[in-house]
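Peer 1: Listed in order, the protein sequences are those of chains A and P. Quick note: the first sequence, position 251, residue 251 per our numbering, numbers continuous. Quick note: the second sequence, position 135, residue 135 per our numbering, numbers continuous.
Since the hints were derived computationally from the structure, they do not count as laboratory data. The reader is advised that the hints may include incorrect statements.
[Unchecked claim] List time: in silico DSS-like cross-link candidates among lysine-lysine, alpha-carbon distance up to 25 Å:
{"hint": "1", "chain 1": "P", "residue 1": "Lys25", "chain 2": "A", "residue 2": "Lys422"}
{"hint": "2", "chain 1": "A", "residue 1": "Lys277", "chain 2": "A", "residue 2": "Lys129"}
{"hint": "3", "chain 1": "A", "residue 1": "Lys421", "chain 2": "P", "residue 2": "Lys3"}
{"hint": "4", "chain 1": "P", "residue 1": "Lys3", "chain 2": "A", "residue 2": "Lys485"}
{"hint": "5", "chain 1": "A", "residue 1": "Lys288", "chain 2": "A", "residue 2": "Lys278"}
[Said to hold, decoys possible] Beta-carbon label-pair distances, calculated as ranges:
{"hint": "6", "chain 1": "P", "residue 1": "Trp43", "chain 2": "A", "residue 2": "Ala419", "range": "21 to 29 Å"}
{"hint": "7", "chain 1": "P", "residue 1": "Arg108", "chain 2": "A", "residue 2": "Leu126", "range": "18 to 26 Å"}
{"hint": "8", "chain 1": "P", "residue 1": "Ala128", "chain 2": "A", "residue 2": "Lys244", "range": "53 to 61 Å"}
{"hint": "9", "chain 1": "P", "residue 1": "Ala10", "chain 2": "A", "residue 2": "Lys288", "range": "45 to 53 Å"}
{"hint": "10", "chain 1": "A", "residue 1": "Gly334", "chain 2": "P", "residue 2": "Ala21", "range": "30 to 38 Å"}
{"hint": "11", "chain 1": "A", "residue 1": "Ala412", "chain 2": "P", "residue 2": "Arg108", "range": "49 to 57 Å"}
{"hint": "12", "chain 1": "A", "residue 1": "Ile450", "chain 2": "P", "residue 2": "Trp130", "range": "33 to 41 Å"}
{"hint": "13", "chain 1": "A", "residue 1": "Gln95", "chain 2": "P", "residue 2": "Trp43", "range": "52 to 60 Å"}
{"hint": "14", "chain 1": "P", "residue 1": "Trp130", "chain 2": "A", "residue 2": "Val404", "range": "13 to 21 Å"}
{"hint": "15", "chain 1": "P", "residue 1": "Trp116", "chain 2": "A", "residue 2": "Ala419", "range": "44 to 52 Å"}
Just so it is clear, CB atoms sit at the ideal spot from N, CA and C, and this is done for glycine as well.
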Amino acid sequence: MGFGIALTPFNIVMAIAGVMVGMLIGALPGVGPPSGVAMLLPLTFGMDPTSGIIMLAALYAGTMYGGTITSVLINTPGESASVVTCLDGYQMALQGRAGPALGIAAFGSFIAGTIGVVLLMLVSPLLAKWALSFGPPETFALMCVGLTTVTLLTGEDALKGYISMVLGLMLAMVGYDIISGDARFGFGIPEMMDGIDFLPVAIGLFGLGEVLHDAEQVGKPPVPKGKYGLRDVMPSAADWARSKWAIARGTVLGFAVGMLPGAGPTVASFLSYTVEKKVSAHPEQFGKGAIEGVAGPESANNAAATAAMVPMLTLGIPGSATTAIMLGGLMMWGLRPGPMLFEKNPQFVWGLIASQYIANVMLLILSTAFIPLFVRALRIPYGILMPLIITFCITGAYSLKNSVWDVGQMLAFGVVGYAMKKLGFSPAALVLALVLGPHAERALRQSLIISDAGVGIFFTRPISAVLMALALLAIAVPLLRLLRKAARAG
Amino acid sequence: MGKADRITAALLLAFSAAFSAGALKYYTWWGDSGPGSAFLPFWLGLVMGTLGLGLLFRRPVEAADWMPSREGARRVLVVLGVTVAFVVLMQVIGMIVGVALFLAVLMRYLERQPWWLTIVISAVAAGANWLVFEHWLHVPLPQGIFWTF
């Protein structure tokens with residue numbers, strides 16, 4: 001059924017456009033998947049939700065690969081999931097082997113992405129069916145798991161991660177309260193009564209914030225010379241022999257990690273690199289241009305990006321900043337992600353899943369065919385790119401609701417994002433909390449109504465108890481680490 | 001980093017105190033059947049306060065270069081200033097003319113790109129903006145006094 005929807009000419013064009021734009025965005029330094037999806041979300045509002053999400057999903061896949069291009073060529077990861085690709089990818093580029101590095105990443109991504117979609121198709125309906133039995137306490141516990149694990153894993157500094165997350169929850173409190181109708185923290189400003197819309201916030205934090213951060217520096221490293229034609233990016237038989245198990249392991253690992261709420265592609269790629277180095281017969285080559293060090297993580301991050309759709313679609317819990325923004329998009333289209341989505345909007349879900357197959361094929365074709373083009377895009381001076389990205393943030397924020405208020409909000413959060421990046425806070429945790437906040441609050445209050453104000457309800461129901469334990473564990477880990485450090489110091 | 005963290009912590013403490021107090025003062029703590037609209041905001045303020053105290057009193061984690069260089073700070077302020085000016089003036093000069101002017105100012109003044117390139121890119125970007133947002137997506141962009149489309 002899904003293919004009938006995804007294969008309409010318009011949706012195919014959307015998938016191609018998404019992959020193309022995504023690769024370009026991913027290849028531009030300073031614009032990663034979350035900012036790309038945030039900036040392009042307004043463009044999809046004129047379409048029907050299925051076409052819109054197909055384009056966004058294709059875009060997500062494209063940005064993942066685009067980030068690889070910059071990692072290999074200029075040692076600058078376009079997004080966090082391709083940080084490890086720099087280690088061996090750039091070394092390969094310096095040895096004149098940028099072509100095979102990009103090629104094996106493209107094939108690895110394709111294989112991992114395709115297998116990922118099959119797994120997505122098999123796992124999601126089961127998980128959705130299971131999640132149908134969830135009541136408010138389970139939903140709230142699940143939100144707690146999502147929020148705490150994301151916070152733990154996205155930042156290096158756990159305390160600052162939690163501060164970012166709670167700040168996001170506080171911002172989510174602004175606006176009409178769904179149960180009592182109180183207009184909270186509106187200060188009499190009509191625009192504030194509707195609450196703080198996460199999209200201008202996301203465009204500001206990720207788009208403008210990153211641009212401001214990068215605007216500090218003048219110039220950037222040059223692209224290493226080399227050949228980037230179609231024949232030059234084909235990995236050799238020896239490359240394949242070294243990479244095939246790395247790709248297989250990366251796919252399985254990536255999917256498993258990506259499904260956990262909060263872990264996502266970045267963690268998957270790091271884990272895969274560690275695994276490859278451990279199992280390798282010649283670990284000393286890692287960091288000096290080992291092709292497995294590119295193939296494994298690149299497969300893992302694509303499998304994880306696909307797997308991140310599982311919790312988003314079935315539980316309504318995004319696995320990463322990018323899926324958080326996509327989730328917000330679904331809500332704007334009036335869809336309610338969660339177990340009911342599979343029953344109420346099957347054409348949407350299956351259309352999306354089928355389009356993922358197509359996006360992966362497109363990604364393989366486009367990435368091998370257009371690498372020379374993207375190499376050229378990297379040569380555009382940042383002095384020209386930077387103002388262009390800002391104008392895109394401004395028109396994007398404006399076109400959400402045709403309001404200058406949103407532009408102002410975007411601008412304000414651009415400054416906040418810049419400061420957060422400078423001071424080591426986590427914009428991703430903030431956005432995630434802002435998206436989940438209202439749902440978490442509703443689930444919490446409904447639970448407390450059911451239990452007649454007893455907190456025990458979260459710990460006596462088995463599923464909710466397990467989830468709560470996980471969330472508490474996520475909070476306890478950094479605390480324990482801190483205590484141990486203090487004990488050693490004292 | 002230590003100083004920056006302490007200032008941030010102080011700001012967070014003040015903010016969370018105001019947030020919790022404001023919630024208790026203006027909204028209902030407990031409704032007819034369950035927690036009211038002040039319930040979660042109050043707790044969030046409390047949690048944030050605790051985290052803020054943690055940030056204030058812990059041993060600061062040293063990060064090398066959080067402070068921008070003089071030149072870096074100048075560049076960020078210029079970009080930010082021009083962007084704010086653009087947004088403030090958007091209703092007067094219109095989005096399309098505004099985009100062209102904005103690009104021209106930043107590329108020429110800050111980035112010292114050659115004139116011909118500045119003009120070509122500003123014109124193309126403004127045109128593309130019109131085509132995508134105004135023409136295809138029918139977004140009513142601010143028109144401004146110079147030019148109505």
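Peer 1: Which earlier hints can't be squared with this structure?
Peer 2: 1, 2, 7, 8, 11, 12, 15
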